[in-house]
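Asks: Keeping the supplied structure of chain W fixed, place chain Z upon it in accordance with the hints.
Protein chains: 2
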Amino acid sequence: MNKTEEPGTDDKPPMRDLLVSAAFELFTERGYENTTIDDIVRLAGVGRRSFFRYFPTKEDVVFPDHEHALAEMVAYLQAAHSDQDPVTTACGAARVVMRMYAENPAFSARRYALTRRVPALKTYEISVVWQYERTLAAYLERRFSHLPDGGVRAYTVAAAVVAAHNYGLRTWLRAGATGDAAASVDPALDMVRRTFHEPEDAVVLIARTGTPLWQVVQKVETALKRDSSGS
Amino acid sequence: MNKTEEPGTDDKPPMRDLLVSAAFELFTERGYENTTIDDIVRLAGVGRRSFFRYFPTKEDVVFPDHEHALAEMVAYLQAAHSDQDPVTTACGAARVVMRMYAENPAFSARRYALTRRVPALKTYEISVVWQYERTLAAYLERRFSHLPDGGVRAYTVAAAVVAAHNYGLRTWLRAGATGDAAASVDPALDMVRRTFHEPEDAVVLIARTGTPLWQVVQKVETALKRDSSGS
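As they're listed, the protein sequences go chains W and Z.
In terms of the working numbering, the first sequence is residues 181 to 411.
In terms of the working numbering, the second sequence is residues 181 to 411.
Each hint should be verified, as a subset may be incorrect.
Copies of one chain are not kept apart here, so a pair can be met inside one copy or by any two copies together.
Claimed, not checked - Each computed SDA-like pair below joins lysine to any residue, with the alpha-carbon atoms no more than 20 Å apart:
no., residue 1, residue 2
1, K238, F204
2, K302, A318
3, K302, T237
4, K399, L385
Treat the hints as calculated values from the structure; they're not laboratory data.
The shape of chain W in the complex, shown without the other chains:
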């Protein structure tokens, strides 16, 4: 039997996880407001200082994976190929957050129930979401820098991506986080991608139904000639 196969101390959950599960046990049992940090460290069997080493405040223990997901999102955006459509890349980056929730469905469902009940946690969550949104906006602002409306477009697309992602995620959470999170989130992100993705080098013609064909043809002919570099 070699070292990596040995059971025992290596299987003990790290202190951080112990604190999170102690906290959630107490939050569920006696409510978030009625639980003190002292209660949490007592149940986890660790010192007060250990708590603050991992979590600056009581709110932070509710969102233990947020810093990690944010770092992963940044890495995803940095690794993205510049020839991929920026909106598609932003949607892919949002899926990093979805995967974090999907990795631990039971915990995600408990947190969702808690966050809905406690206004302080709702406020905290909104500012967490804002950090994701700003990260996506900063990326998109670089990618859209050649567009005259690149700045406003970057912030608007980032907000749309995050809103669609969160809508899909909430749908999954409300259904008890039992099914496939991607089945809720992906169609939502796809709506944003289709809305904002404008193929370059293309003609878009909008015509009322019932328009005489000759009129439409005239318009198409003019547009194709104007935009084509080959003629």
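Replies: For chain Z alone, kept in the frame of chain W given last:
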């Protein structure tokens, strides 16, 4: 001289305004964190209880018009004609917030400077913005209820409207809030309107430049026939 023309007591700013200007004087002079509610009421010359009658917390005094703007937004949405495009209506409702900022440019600029410096105020502001967003989303969800993706579309459009509005507003605030706020905000909202406004009863055809005209004509003909109820 009739009653309404009498100067004097009626010109005295109401207690609420006194508290707001005392607070901002102190925030600017000694910083937000170093100002207590006791300092504010002392400078305003009122009792502590008067402060709490108007503002539940110290953060609230920084956003004194928010409740009013939110109520005005709700009234705007309720009064909107149902034959107006929902996205256009949502953009109009966002302009309510813009007008609140534009009515008092000097105060808006001071608050912007303060909010950027104090993280607690930034968090408060983000949750204020979230309330506007939720109000727009609830309206859009009703208007989009006939669409298969009405829910996600409502939340996405609401987020896009708010993000574009705030981008325009920030541009104006960063320039010292001296020019016309609408000149920054309106083009931003217009981008969202154009992006999400899909005319009903219309055909959208997308073709690569260089596509032979006969191929495009064939597609147009098929699309117009399929969508037209008259043929």
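Asks: If you check each hint against the structure, which ones fail?
Replies: Violated hints: none at all, because every hint is consistent with the structure.
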